[in-house]
Structure formats: structure tokens, C-alpha cells
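S.K.: As given, the protein sequences belong to chains A and Y, one line each in that order.
Residue 0 is where the first sequence starts when you use numbering that gives the first Met the number 0, and the numbers rise one by one after that.
Residue 0 is where the second sequence starts when you use numbering that gives the first Met the number 0, and the numbers rise one by one after that.
These aren't lab readings, by the way, just hints derived from the structure by calculation.
No residue lacks a Cβ here, since even glycine has one placed at the ideal position from N, Cα and C.
Careful, some of the hints might be misleading.
As the list claims (entries may be wrong) - Partial chain Y-side listing against chain A, Cβ under 8 angstroms, derived: (1) Gln72; (2) Phe93; (3) Leu146; (4) Cys148; (5) Gly160; (6) Pro169; (7) Pro187; (8) Pro189.
To be verified - Derived list of chain A stretches under chain Y, where covered just means 3 residues or more per stretch with a C-beta under 8 angstroms from a C-beta of chain Y: (9) 149–159; (10) 163–176; (11) 264–274; (12) 283–292; (13) 308–317; (14) 472–478.
Unchecked claim - Sample of chain A residues with no beta-carbon within 10 angstroms of chain Y, all distances over it, derived: (15) Glu5; (16) Glu32; (17) Glu118; (18) Met197; (19) Gly203; (20) His347; (21) Val393; (22) Arg400; (23) Arg401; (24) Ala404; (25) Pro493; (26) Pro526.
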Amino acid sequence: MYQWFEERLALSRLQRKYGRKAFPVHHSYYLGELALAAFVTLVLTGVFLSFNYQPSSTLVRVAQQDVPTAYASILFIDSLPFGPVIRSIHHWSADVMIAAAFLHLLRILLTGAYKKPREINWLVGLALLGLSLVAVFTGYALLDDAFAVTATKIGYGIAESMPWAGAWIAQVFFGGVYPTADSLPRLYPIHVLWFPLMIMGLIGLHLLVMVKQKHTQPPYAEQIAPRRILGVPLAPYQLLSSAVLYFLYLGTVSIIAGALIAHPVQAFGPPGVTTPSVKPEWYFLWVYGVLQLIPSTWVIRLPWGGSVGPEFIGGVLAPVFLAIVAVALPFVDTRRNTLRYMELPSEHPWRTGCTVGLLTFFLAGTLAGYRDDLPLSTAWLWALVIGAPVLVTVVAALVLRRAYAGPPDRRPANRLATAFTAGAVAVVVLAVVGLAYLWARPAAPAATTAATGSTGSTAAPVAPGAAAAGAALFQSQGCAGCHTIGSAGGTVGPNLSHIGGTLTREQLRTMITKGNDGMPAFSTLTPTQINALLDYLGSLK
Amino acid sequence: MADDQTVSKPAAAGPRRARARVNRRQVLGSTVGVGLGVAGLSALAAAVRLVPRIVVAPDQEPPAQGDLLVFAQGARSGQVLTVSDVPPDAAQVFAWPMDPSGKVVKKGDIHNLTLLVRARDASWYTADERPHTAQNVAAYSAVCPHLCCTVSDWRTEPTAGGAHGLLLCPCHLSRFDPWAGARVLGGPSPRPLPVLPLTSDPQGRLIVAGAFLTQVGCAT
Numbered sequence: 000m001y002q003w004f005e006e007r008l009a010l011s012r013l014q015r016k017y018g019r020k021a022f023p024v025h026h027s028y029y030l031g032e033l034a035l036a037a038f039v040t041l042v043l044t045g046v047f048l049s050f051n052y053q054p055s056s057t058l059v060r061v062a063q064q065d066v067p068t069a070y071a072s073i074l075f076i077d078s079l080p081f082g083p084v085i086r087s088i089h090h091w092s093a094d095v096m097i098a099a100a101f102l103h104l105l106r107i108l109l110t111g112a113y114k115k116p117r118e119i120n121w122l123v124g125l126a127l128l129g130l131s132l133v134a135v136f137t138g139y140a141l142l143d144d145a146f147a148v149t150a151t152k153i154g155y156g157i158a159e160s161m162p163w164a165g166a167w168i169a170q171v172f173f174g175g176v177y178p179t180a181d182s183l184p185r186l187y188p189i190h191v192l193w194f195p196l197m198i199m200g201l202i203g204l205h206l207l208v209m210v211k212q213k214h215t216q217p218p219y220a221e222q223i224a225p226r227r228i229l230g231v232p233l234a235p236y237q238l239l240s241s242a243v244l245y246f247l248y249l250g251t252v253s254i255i256a257g258a259l260i261a262h263p264v265q266a267f268g269p270p271g272v273t274t275p276s277v278k279p280e281w282y283f284l285w286v287y288g289v290l291q292l293i294p295s296t297w298v299i300r301l302p303w304g305g306s307v308g309p310e311f312i313g314g315v316l317a318p319v320f321l322a323i324v325a326v327a328l329p330f331v332d333t334r335r336n337t338l339r340y341m342e343l344p345s346e347h348p349w350r351t352g353c354t355v356g357l358l359t360f361f362l363a364g365t366l367a368g369y370r371d372d373l374p375l376s377t378a379w380l381w382a383l384v385i386g387a388p389v390l391v392t393v394v395a396a397l398v399l400r401r402a403y404a405g406p407p408d409r410r411p412a413n414r415l416a417t418a419f420t421a422g423a424v425a426v427v428v429l430a431v432v433g434l435a436y437l438w439a440r441p442a443a444p445a446a447t448t449a450a451t452g453s454t455g456s457t458a459a460p461v462a463p464g465a466a467a468a469g470a471a472l473f474q475s476q477g478c479a480g481c482h483t484i485g486s487a488g489g490t491v492g493p494n495l496s497h498i499g500g501t502l503t504r505e506q507l508r509t510m511i512t513k514g515n516d517g518m519p520a521f522s523t524l525t526p527t528q529i530n531a532l533l534d535y536l537g538s539l540k
Numbered sequence: 000m001a002d003d004q005t006v007s008k009p010a011a012a013g014p015r016r017a018r019a020r021v022n023r024r025q026v027l028g029s030t031v032g033v034g035l036g037v038a039g040l041s042a043l044a045a046a047v048r049l050v051p052r053i054v055v056a057p058d059q060e061p062p063a064q065g066d067l068l069v070f071a072q073g074a075r076s077g078q079v080l081t082v083s084d085v086p087p088d089a090a091q092v093f094a095w096p097m098d099p100s101g102k103v104v105k106k107g108d109i110h111n112l113t114l115l116v117r118a119r120d121a122s123w124y125t126a127d128e129r130p131h132t133a134q135n136v137a138a139y140s141a142v143c144p145h146l147c148c149t150v151s152d153w154r155t156e157p158t159a160g161g162a163h164g165l166l167l168c169p170c171h172l173s174r175f176d177p178w179a180g181a182r183v184l185g186g187p188s189p190r191p192l193p194v195l196p197l198t199s200d201p202q203g204r205l206i207v208a209g210a211f212l213t214q215v216g217c218a219t
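Build out the structure end to end from the sequences listed, making use of the hints.
M.R.: Here it is, written out as C-alpha cells:
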């Protein structure tokens, strides 16, 4: 058998030429392979799914209920032998692919492997991550249940929010103003054909460039065999370990998929008129959190009829900003590098600090996604999203610098320093979250008291008589549109929950009658009305 | 090759020949350039038509003056709504407009989805909103201007003046004031919900008095 192929393809020559290529060994080098394993699994399970899926939103009657054809075909897949397991493997593999690709990116970032001459592969990798995220998103739309339609509407809105060309782009990809009958027939080939093709092509390029440029090596390789590649041969050892990794992955994800059926469509039901309360997948949560934080007033008019609003700033600008920083990184960071060896994160305290800061930003953004469940005000969440990453970056960088200062023999032990850094970062994050929580907590019981029907909250007691009239005026004059008292009101102007304790009656009177810094003058109020308002505001201490 | 030509130029008979001469590289270059340009323009012309043609079916027409409103969900889905079907100071009711003559429920386009709220007293409404209400019922587009979700939730928030109900979009927590033209009380929505002017007939049926006052949907 081997001989038959050998005579025709000269396999032994191929093995001599490429099979002996040395592959450096380090456990972190398997992250990219894990992403590849997940992608292969996605394609294989995707073939099964695509044979049974119908991309149509035409309503059909299933079990006395009108449901989209696509939704019905998911129910059909779930009724097939191993159908739900294969669908779940597809779902969890998408999660693993995103996670592994991101960790792989972190490894490259922390060890400086993006630097010259590896800029091309850094960019290809970024493109792969971006394509994967969009591909996953289009996959969600195909389920066509209440969750999918909501998530896809948001995706449509974000695409549509781009100035000038947004409407065109969104309508091309979503088949008109989503949801329409054309939507699924367009999203389906994007998900099963165009994005997988592009991803496959880029994976090929990624590997080709890597083989051509040689992989980076762990620092120990420099001591053992300086200026040479130290590793195991591609065939059979590296291929063998890849195969082991793949089957380990397949086994693990099968067990998970068998135990946890992913996204049962019946749990959400077919799309209705109302929006279910849903949160996106974990890798989109930070965007979701940032989207909630951008206030409604952030609208910028652009020339030629363009304009950008809060949905563009949160949904496009924030991720694109990170993408631009990532793309620019290898062209900005042109410091001398070791070329063949991984740089140690400890030797580059600021780069490592920024990486940890980036992770903190993702965490803080995710936390902001739970805004409705957390007793944190918008201002605190803003401070957390902006402040915590900066703080963590600086602390991590300074700790690393201190721990690794001086000649190697006088440094604190590496392991100790690493543990110390991790501990310091964790403590800072916990402290910030804890502080924010404690700070915001007194407001919660106050709100509960008010909700039970008393005339006011403990934080904002309302005296009977004039103050109550003032409270009514506060509502009817639209003050609450800009100002918050207790837990209700706008956020355009300052929070007035404790204004009686900070400004005098006369300062407040001037503010109301003359206006101030963005606040209009309420000159139509009668003196009696103003006094009632002042009584009320004065009672807020 | 270019070097060869440059070198051979003076040898090739006089200044006249040299002036008339167009080098091969220029011909090839401009041919490829023009070809790419034509291909690009053709691709652009094709790309413009990638947006699907919009065909407005009768059930996708926007609400018009004289339309009735029908329940959009629940057991009475499709039945005509009257004032008493909208509970006062409570969660919004969802409705589709219905053409009174053709009996076409205009539910083919999500942008026609309307939410109804009812105040206990006309004085709850701002002076701007009051003329668009019918027997204390106000109607707004149910599509959040932020990112197109349905403004599905109703929340009562304690204020100094007593509990105040507000419309809440569950997606990114935009909040709208039901008694003041659905202006934005908080959250990221860049615009208020569009107002649908209402009136009512002697039987108490709610009737659309005109088109949505502002652009419906999440387009910027």
C-alpha cells in the first residue's frame, strides 16, 4: 500500500524535505492548534446541520403553533438521532474557537511574537479573530427563535448605525431592513460558505507564513542550542501530538455537548412581538455593557448628511478602536527583538501591564452588562470601565518592574513575583468592585422604602405642604428629565438627591431663574412655585 | 528590460522616432489600468443592486388616518382594541394597525408595531403630547430608536412625586416617559419613541388620527 503511493508520489522525498522540519515545544503553542481543532469540528458538524436546515422564515404550523420554517428545521434536527448533540458540539466549538483564538492572541502579545518580521501573521491572526466573531454572530441568526431575532436586530442596528454607507451595508447583508423574508437566505450562505471559506484561506496563509518564518522558541532553546531551531520533527511527532490534542478536544466537547444541550430553541420560542430579556454570548458582553453606558445625548452630526449616535459609538467605535490599536501595534513597537525566542512577559512590564489592563477593561465592560442587576450607578460603571483598566495597568507594570529589577541573581524568585503580580491585580479589581458596591448600597434600601408607598424615600424625605407641591412641580416642569433624585430621573444634569446639603437656597434660586452651564432659565415660574421648588430641593439632604 | 530600451533609445535613429515611441510597459500598464477600472465600475453597478428590491405588501403599509388598532398578541390577538382594553397607569398594550375597509392587519412590518399606554388623568400628559391622545390613551412606536428591539417592559420607579411608570427597552435599558411624548429618561436611545396620533369613536374604539409624527425605526 505504502509502496504503491511511494512509487507515484515519492512520499519519502516529501518527508525528507518537510517532515523533518523542527517544531519548538511549549504548552502555550497548542492554543492556536486548539482553535484549529474547534474550526475543523465546526466544519464537520456544520455539514450535518446544513443538510437538515432550511433558511426560510415562512411560517409553518408545528404543534398548533405558527413558527418560521428555519425554527421548525431546528426542531427537526433536535429530533434526529444525535441531532441535538451534534448541534451542541457545533455551538460549544464556536465558543472554544473564540476563546482559544483570543488566548492564542494573548500569548503572541505577551511574548512579543508580533514584532518584525511577524507583522503579517499578526494581521492575518487579527483578521481571523474578527471573521470568527462575525461568523458566530451570523450563526445565531439562523436559529430564528425569539432570542436570535432580537440579537440579529441589534446586529442589524449596529451595522446600520455606520454613517453614510451603513444602511446600504446592513441591507445587503441582512436582505433589507431586518427581519424580512430575504434575511435568512442571505445570512445562510454568509455563515456556511463565505465566512468559512475566508477563514480556511486565512488559516492556510497563517500556517504557511509561520512555517516560512519559523516559530518562536521558548527561551531555554537559546541555552541548549543557540541560533538553531530546537524542537520535534513535524512528522510524525508534531502531527501525532496534534492528533492527540484533536481527539482529546473532540472527546471533551462531546461529553460537554451530551450533558449540556446548547440553546434549546423551545426555551425561547418562535419570535413574537415583544423582546425577551436576553444577554449576548460572553464574548460580546463587554460590547453590550459599553452600549448601555453611552448616554443618549452623544449624537455627532457629520458633513454630507451623516451622523453617528450612541449605538455607533458603543457598538462600532469601541471595538474598532481596539482593532486599530492592535493593527498598529507591530508598526509602533519596533524595539529590537530576539527574533527567534519568546520574550518573557516579566522583561516587558508595561506591555504586560497593558495586556492585563485590556483584560480588566473586558471584565469591567462585562460587569456593565449586568447594570440592571447591580446596585451600581452609571457614573460608577463609567469609572470602573475607564479607571480600573488604567489602575490595573499601572499597578501591574510597577509591580513587575520592582519584582524584576536588578541583576538576575538578586531578583525575587520568578514564581513568587508572578504570584504576587496576579495577587495584586486581583486585589485591585476586587477592591474597586467592592468599593463601588459599598458606595452604591445605601441607595438600595432607600428606593425600597419609597416603592412601598411612603411619601418619599429615606434618602429624600419630602415634607408635607410646600415641599410636596415642589415635588409635583419638579415632575411637571420636566426637571426630572435631566436630574435624578433618589433612583429616578435623567442623567443630563447633576444628581440632586442631596442638593439641599450642598447648595444654599439662594444659590438654587439663581440657578433656577437664571440658568447655568447647559441648564435653561425657568423664567416662567411664579415666585410661589419657585419657593415650593426650593422647599422641596432644600429638603433633600 | 526597461534598461535595455533606455540604452537602445539613442541608437534608434533620431529625435523623431524617440518622441513617437510609446514604450511597451506603458501600453500594457494603461490597458490593465483601464481594464481594472471598467471591471471596478461594473462591480460597483452590480453592488448597488445588491440591496433587495423593496416590495410593500398591503400588510406592510404604514398606519394611516382612520385605521383601527387590534391586539398584537395574547388570546384576543387580532381583535379590535377599545379604550377600556388599555389598563390605566400600567404596562403597555401592543397593537397592530388595521385597515378599516380591507380588514388587513398591517403586521407584515415590525415598524408598524405600536404600544398603547393610558394615564389616569389628562393632566398627566405634557401639553405637547395631550392633543395626540384619545381618552387618556397615547400611542407610540414600539421599536426602540437605539438598536431596533421592541420596547417590551414597563417599570415603576419611585420618585419624590410618587411612583412614576416608564417604558423600558430590555435590550440596553433605554427608558421613555409614557406621559411626555416618550422622551428619553435615561439609557442610550438617541431619540424619543415616535408618536402615533390617536382619536376614538363613540363606541370607544381607538382610531389612528395620522401617520407617525417622526421617523420610525432605529435608522440614524
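S.K.: All hints are to be evaluated individually against the structure, with a verdict given for each.
M.R.: Quick rundown of the hints versus the structure:
For Gln72 (chain Y), the shortest C-beta to C-beta distance to chain A is roughly 5 angstroms, which falls under 8 angstroms, so the interface hint holds. Given the 8 angstroms rule on beta carbons, the hint for Phe93 (chain Y) holds: about 5 angstroms separates it from the nearest Cβ of chain A. With its C-beta approaching chain A no nearer than about 3 angstroms, Leu146 (chain Y) sits inside the 8 angstroms limit, and its interface hint holds. Interface restraint check: Cys148 (chain Y) against chain A, minimum CB-CB distance 4 angstroms, threshold 8 angstroms, status holds.
Hint on Gly160 (chain Y) holds. Least Cβ distance to chain A is approximately 4 angstroms, under the 8 angstroms limit. Taken as an interface hint, Pro169 (chain Y) checks out: its beta carbon lies about 4 angstroms from the nearest beta carbon of chain A, inside 8 angstroms. The interface hint given for Pro187 (chain Y) is met, as the beta carbon of that residue sits about 4 angstroms from the closest beta carbon of chain A, less than 8 angstroms. Here the hint on Pro189 (chain Y) is kept, as its CB sits about 4 angstroms from the closest CB of chain A, short of 8 angstroms.
Given as covered by chain Y, the segment 149–159 of chain A passes the check, having 7 residues with a CB less than 8 angstroms from a CB of that chain where 3 are the minimum. Requiring three or more residues with a Cβ within less than 8 angstroms of a Cβ of chain Y, the coverage given for the segment 163–176 of chain A holds, as 8 such residues are present. For the segment 264–274 of chain A, the stated coverage by chain Y is satisfied: 4 residues place a CB nearer than 8 angstroms to a CB of that chain, which reaches the threshold of 3. Only when three residues or more bring their CB closer than 8 angstroms to a CB of chain Y does the claim for the segment 283–292 of chain A stand; here the count is 4, and the claim holds.
Interface restraint, the segment 308–317 of chain A with chain Y: holds (6 residues with C-beta to C-beta distance below 8 angstroms; minimum three). Using a Cβ-Cβ cut-off of 8 angstroms, 3 residues of the segment 472–478 of chain A lie near chain Y, which meets the minimum of three, so the contact claim holds. At roughly 44 angstroms, the least C-beta separation between Glu5 (chain A) and chain Y is larger than 10 angstroms, which holds for a residue marked as non-interface. Once the 10 angstroms rule is applied to beta carbons, Glu32 (chain A) is consistent with being away from chain Y; the minimum gap is 37 angstroms.
At the 10 angstroms boundary, the C-beta of Glu118 (chain A) stays outside the reach of chain Y, the nearest C-beta of that chain being 27 angstroms off. Listed as outside the interface, Met197 (chain A) is consistent with that label: its C-beta sits roughly 18 angstroms from the nearest C-beta of chain Y, beyond the 10 angstroms cut-off. Every CB of chain Y lies more than 10 angstroms from the CB of Gly203 (chain A), the least distance being 25 angstroms, so the non-interface label holds. His347 (chain A), annotated as away from the interface, keeps every beta carbon of chain Y farther than 10 angstroms; the closest lies near 37 angstroms.
Its beta-carbon lying about 30 angstroms from the closest one in chain Y, Val393 (chain A) satisfies the requirement of being farther than 10 angstroms from that chain. For Arg400 (chain A), the non-interface assignment is confirmed: its Cβ lies about 39 angstroms from the closest Cβ of chain Y, beyond the 10 angstroms cut-off. No beta-carbon of chain Y is positioned within 10 angstroms of the beta-carbon of Arg401 (chain A); the least distance is around 41 angstroms. With a least CB separation of 45 angstroms from chain Y, Ala404 (chain A) remains clear of the 10 angstroms interface cut-off, as annotated.
Consistency note on Pro493 (chain A): stated as away from chain Y, and its beta-carbon is indeed over 10 angstroms from all of that chain's, at 14 angstroms minimum. Listed as a non-interface residue, Pro526 (chain A) keeps its Cβ farther than 10 angstroms from every Cβ of chain Y; the least gap is roughly 21 angstroms.
Consistency note: the structure conflicts with none of the earlier hints.
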